[in-house]
Amino acid sequence: MTATKSLRAGGRVQAAIPIVLLIGLVILIGVLQPSFLTADTLLVVMADTATLFILAAGITFVVMLGGIDLSIQAVASLSSVLVAIWLGRIGYWAFPATLLVGFITGAFSGVVHVRLRIPSFIVTLATSGLVAAAALLLSQERSITIGEAGRAYLSWITGRPFGVPSVIFIGALVACAGIWLQCYTPFGRYSAAIGAGEAATWASGVKVNRQKVIAYSLSAGLAALAGILLTGRLSSGSPTLANELLLPAIAAVVVGGTSITGGAGGIGRTVIGALIISVVRVGMTFVGVDIFAQQIVFGAVLILAVAITIDRTKILIVK
Amino acid sequence: MLAVEHVSKAFAGVQALDDVNVEIGANEVVGLVGENGAGKSTLMRILAGVYSPDRGSLKLDGAQVLLKSPREANLNGIGIVFQEQSLLLNLTVGENIYLGQEAEFTRLGLVNRRRMNAAARRQLAKVEVDIDPDTRTSELSFAARQMVELAKALALEERTEKHLIILLDEPTSVLEQRDIEILFARVRALKRRASFVFVSHRLDEILALSDRIYVMKDGRVVGHMEAGSTTVPQLHQMMVGRDRHAEYYRESRQGPPREEIVMEARDLSVTGAYRKVDFVLHRGEVLGIAGVVGSGREELTRTLFGFVPQSSGTLLIDGHEVRLTVPSQAADHGVGYIPRERRTEGLVLSLPLAVNVTLSKLPTSRITGAIRLSREIQLAKSWVDKLHIRTPGVEALCLNLSGGNQQKVVLAKWMNARAHILILDHPTRGLDVGAKEEVYELIRDLSEEGVSIILTADTLEETIGLCHSILVMRDGKVTARFDASPGRKPSQVDLIQHMV
Amino acid sequence: MEPRKVPPSADSGTPQIRSPELGGRNAKLSLNRLKRYAPFFALIALSLLIGAMNPRFFEFNNLIRVANSASIPLVLSLGMTFVILLGSIDLSVEGVLAIGAVLISLLVRNNGNGFDLGWSAVVLAILACSGIGFLNGAIHVGLRIPSFMVTLGMWFIGVGVATLILGGSTVRVLDKGIRSIALDRPMGFFPIAVWVALGALGITWVIERQTRIGRYIYAIGGGEDLAALSGIPVKRVKIIVFMIAGTLYGLGGLLSAAQLGQGNALIGSGRLFSTVTAVVVGGTALTGGEGGVLNTLVGVMIMAVLGNGMVLLGISPDVQQGVQGVLIIVAVALSLDRARLKIVK
Chain A
1 MTATKSLRAG GRVQAAIPIV LLIGLVILIG VLQPSFLTAD TLLVVMADTA TLFILAAGIT
61 FVVMLGGIDL SIQAVASLSS VLVAIWLGRI GYWAFPATLL VGFITGAFSG VVHVRLRIPS
121 FIVTLATSGL VAAAALLLSQ ERSITIGEAG RAYLSWITGR PFGVPSVIFI GALVACAGIW
181 LQCYTPFGRY SAAIGAGEAA TWASGVKVNR QKVIAYSLSA GLAALAGILL TGRLSSGSPT
241 LANELLLPAI AAVVVGGTSI TGGAGGIGRT VIGALIISVV RVGMTFVGVD IFAQQIVFGA
301 VLILAVAITI DRTKILIVK
Chain B
1 MLAVEHVSKA FAGVQALDDV NVEIGANEVV GLVGENGAGK STLMRILAGV YSPDRGSLKL
61 DGAQVLLKSP REANLNGIGI VFQEQSLLLN LTVGENIYLG QEAEFTRLGL VNRRRMNAAA
121 RRQLAKVEVD IDPDTRTSEL SFAARQMVEL AKALALEERT EKHLIILLDE PTSVLEQRDI
181 EILFARVRAL KRRASFVFVS HRLDEILALS DRIYVMKDGR VVGHMEAGST TVPQLHQMMV
241 GRDRHAEYYR ESRQGPPREE IVMEARDLSV TGAYRKVDFV LHRGEVLGIA GVVGSGREEL
301 TRTLFGFVPQ SSGTLLIDGH EVRLTVPSQA ADHGVGYIPR ERRTEGLVLS LPLAVNVTLS
361 KLPTSRITGA IRLSREIQLA KSWVDKLHIR TPGVEALCLN LSGGNQQKVV LAKWMNARAH
421 ILILDHPTRG LDVGAKEEVY ELIRDLSEEG VSIILTADTL EETIGLCHSI LVMRDGKVTA
481 RFDASPGRKP SQVDLIQHMV
Chain C
1 MEPRKVPPSA DSGTPQIRSP ELGGRNAKLS LNRLKRYAPF FALIALSLLI GAMNPRFFEF
61 NNLIRVANSA SIPLVLSLGM TFVILLGSID LSVEGVLAIG AVLISLLVRN NGNGFDLGWS
121 AVVLAILACS GIGFLNGAIH VGLRIPSFMV TLGMWFIGVG VATLILGGST VRVLDKGIRS
181 IALDRPMGFF PIAVWVALGA LGITWVIERQ TRIGRYIYAI GGGEDLAALS GIPVKRVKII
241 VFMIAGTLYG LGGLLSAAQL GQGNALIGSG RLFSTVTAVV VGGTALTGGE GGVLNTLVGV
301 MIMAVLGNGM VLLGISPDVQ QGVQGVLIIV AVALSLDRAR LKIVK
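Chains as they are written, first to last, in this note's numbering: chain A, 1 to 319; chain B, 1 to 500; chain C, 1 to 345.
In case anyone wonders, no lab produced these hints; they're calculated from the structure.
Each hint can be trusted.
Just a sample of chain A residues kept apart from chain C, beta carbon distances all over 12 angstroms, derived:
1. 37
2. 152
3. 285
Simulated pairs of lysine-lysine, BS3-like, Cα-Cα distance not exceeding 27 angstroms:
4. 276/B <-> 489/B
5. 126/B <-> 191/B
6. 126/B <-> 162/B
7. 381/B <-> 207/A
8. 361/B <-> 207/A
9. 191/B <-> 162/B
10. 381/B <-> 361/B
11. 162/B <-> 68/B
12. 235/C <-> 68/B
We treat Cβ as the ideally placed atom computed from N, Cα and C, and that holds for glycine.
Please model the complete structure; the sequences and the hints are all you need to start from.
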């Protein structure tokens with residue numbers, strides 16, 4: 001098992017750096033402001049991380065094989081609108097239906113990308129436009145509050161089994177499923193191989209296009225899930241709900257140590273990356289960083305974290 | 001003029017050059033021959049300032065020089081025409097000729113394109129080609145690009161006081177016959193301006209162009225003679241060495257192939273590459289395809305693995321008609337491919353050995369579809385043992401393996417996928433003699449186990465030595481077929497007749 | 001060994017070569033050449049189509065409106081073009097632009113403080129933006145971090161700095177000179193902003209076509225290793241390119257402040273993706289080495305005409321970005337020389 005583990009992760013030291021960074025940050029904030037280290041605060045941080053992580057997990061699939069998905073915030077917003085509309089009409093069926101829409105948008109991006117051979121940056125941006133337009137039309141540019149009847153269906157999101165917000169469990173479930181997909185299934189293996197050497201993977205008889213379409217579908221599907229969770233927590237859907245989440249999600253992926261050019265990294269690392277992002281955000285408020293200066297600190301931490309976590313041995317030319 | 005004295009160079013434990021002495025005089029063409037891995041290219045790269053020697057020195061007009069970069073080599077009058085072309089395809093011809101040298105045309109920060117193009121035209125005139133310097137390089141044929149490279153090297157003339165030495169590193173490998181003649185005519189005409197070092201693995205070319213010849217083998221200079229005083233067979237003898245005999249290719253292990261037909265081509269054609277090719281491949285047979293560049297054999301092999309879809313004709317695998325449009329289809333039919341470009345198409349270098357071995361066929365659980373990781377490690381270990389792959393472990397990155405071991409990993413990948421037809425595209429390219437022998441041994445093993453092999457080899461000798469039967473191609477057509485059972489092997493001359 | 005026919009001996013006379021004899025160019029490639037103008041044809045076709053559906057498109061005032069709406073995107077896209085030609089990416093557009101706009105608003109006569117530095121404020125602010133560009137480049141090549149991540153961080157930092165110096169509020173520009181950039185139309189023609197953008201186009205065109213830096217940008221984008229072998233100072237060129245980009249974003253900040261008459265930290269919102277899109281739609285490849293500032297001009301015009309056309313045709317604002325998405329895919333699919341790209345990321 002140890003052998004298999006190092007098989008997946010490559011360098012073990014490299015993999016440990018983000019964890020060390022996370023623990024260091026938590027301790028640092030805890031020393032400066034001991035109230036940060038209470039169970040309640042940490043649970044809040046983790047609950048806040050869950051949606052960010054789920055979005056980031058989706059992008060991780062795409063980044064692993066060397067692409068990028070810029071459509072996730074639009075997909076998350078659309079799904080919040082869809083859930084809000086559908087809950088009153090079809091009850092629990094609203095959730096699978098919304099997830100399905102998410103998967104389909106992702107599959108659309110993927111197919112256009114591999115068939116028309118257009119860079120993923122452009123394709124997913126275009127998909128983003130389409131999806132955002134759909135969200136605006138469906139919601140008539142308004143946020144949709146979910147009525148009392150609908151809220152009953154949302155208890156699996158808002159509940160606190162054993163005193164722990166259920167979104168944390170959902171996030172953990174996604175993390176486990178994602179790690180399983182990446183480490184134990186052919187899809188995960190092929191994704192990493194495509195990111196590290198697409199030509200060789202293709203010439204080994206791997207169905208490269210299929211893996212790509214799966215990755216984009218998963219990415220958008222998880223974005224839809226994140227949208228559903230956000231809707232549940234806010235009890236309303238809105239066409240601009242997730243608009244500020246794309247960048248932090250990408251940041252979480254790269255801070256975790258997944259290479260933006262693909263081939264190295266994974267969902268496990270994204271868990272750490274997302275936690276680092278959340279801890280920095282919440283921690284800054286705790287420590288008393290001027291609210292206006294927070295973004296500066298955040299940007300600087302981002303660059304620093306990447307500078308520390310990035311594995312330079314595998315990159316020959318840095319673009 | 002330029003003297004290489006006692007130069008040695010090693011890479012990752014492999015001695016590429018061992019105490020090499022070479023002299024280059026003024027206005028002469030020095031030929032350099034040797035098999036792949038003999039050290040020709042390493043020597044050229046040392047002369048061009050790409051590598052620096054571990055031991056020994058370079059002397060220019062008697063004074064020792066250190067060439068730490070291609071730029072310093074340039075300043076000392078040494079220019080190189082690389083085997084892999086070094087022109088940037090997205091720049092114009094003129095921009096390429098003066099890349100990095102724009103200063104002389106720059107005034108007030110602006111590059112005077114007209115003056116630069118005029119100068120480029122002057123360089124192009126030296127090689128007597130009429131190409132507009134404003135042409136995009138990507139629009140030129142390989143031959144024309146080669147001329148531009150030559151013109152670029154000649155542009156050095158105006159930048160250095162030193163006598164010009166131009167290194168031609170297998171410049172003919174991508175050229176058509178007619179273009180080779182033009183290139184040679186140019187080189188002869190330019191001899192009054194410069195000295196040339198000419199590397200080729202085609203002995204007749206070396207004899208035709210060179211004044212003096214150095215023969216290299218296993219990193220050493222094993223012969224040195226005037227071109228007029230030697231012959232192709234004599235050169236060949238020196239390159240190959242006395243210790244090579246029939247057993248080199250394990251001919252005693254060559255058994256007869258089985259009756260069963262595993263692959264058959266009928267009137268197979270790819271527009272613009274080859275037409276109406278027929279062949280039959282039996283179980284356990286090694287079928288060689290011989291032909292020069294442009295004969296269509298490269299495209300033929302790539303068709304059989306789905307890289308280049310056939311335009312017409314029929315291809316049968318195990319009796320079923322197939323049409324391969326992507327490699328994954330070929331792999332699904334049990335075809336494997338050992339590419340020439342091992343580092344880009346053969347292996348994912350930055351992934352571990354075990355991952356590469358199982359890339360074509362992962363051991364998955366029947367129930368969950370998940371990868372059985374411990375089984376994977378076990379498989380990888382068994383292949384490492386079976387093929388004697390020298391590696392610190394199955395987790396080692398392929399990046400860190402030697403060429404021969406990398407090639408074995410590629411082979412293991414397809415053996416693990418249980419490919420019963422293997423297409424070997426120059427499988428021994430860039431391997432040293434020991435590694436080559438191991439590959440030959442493996443080919444015999446595979447053949448005995450009933451795996452069928454289609455081989456395009458680096459040398460005719462290899463083709464003849466390894467194959468059961470040989471297909472000769474010229475200009476996109478099959479011109480001859482030879483039976484090559486032990487004792488009835490055709491000679492190189494037999495094959496060459498039908499190749500050119 | 002694969003012996004070939006022995007070439008003729010030395011004195012067989014030197015054949016005169018012309019490029020066609022060497023295989024030279026062939027017919028297939030001239031089609032590819034034509035393909036490089038595809039974005040331009042797309043622009044013409046789009047304009048004609050919109051003009052046919054609503055003749056008001058070709059009215060003088062509307063064309064000026066189109067030009068005006070293209071001025072800020074053009075300035076930004078020009079900066080981005082060089083970065084993309086290198087094969088890199090710069091995500092810091094919005095941050096740098098915000099800093100430029102906020103600094104200018106605060107240093108000229110405004111309703112927030114007592115400064116009134118006039119045009120020297122503009123120079124200072126744009127220099128500051130060049131400085132951020134320099135930082136982008138220096139961190140990218142110095143620490144060997146992909147430009148994507150460096151500039152992502154710088155995006156946050158830029159917006160953060162702009163927020164911090166304004167304390168989260170908005171400041172109004174009272175300086176007549178600055179406002180005149182957007183409002184004055186010399187000789188009843190284009191507003192000054194358009195002239196500024198055209199000036200930037202001219203300068204970047206000269207840099208691209210006539211200077212060593214321009215040449216080296218293409219060389220690095222075409223093959224970084226080969227470029228380094230030819231003795232090109234790759235690192236220095238990259239840093240300079242990011243500086244040029246920063247400078248142009250600063251200029252974009254000036255135009256934004258002039259147009260809106262105010263400065264705030266979110267003044268650049270939404271600019272990044274439209275900038276990259278314009279560059280790519282114009283035919284510059286994200287992989288580097290192909291395209292240029294004239295392509296970018298065409299790309300920006302396509303986006304501007306499209307935006308204007310959708311308003312003229314009364315397409316609901318909700319649908320506009322959807323239509324835009326579809327048309328971008330169509331435009332890129334038509335103009336991309338995909339046969340050459342084996343691997344698309």
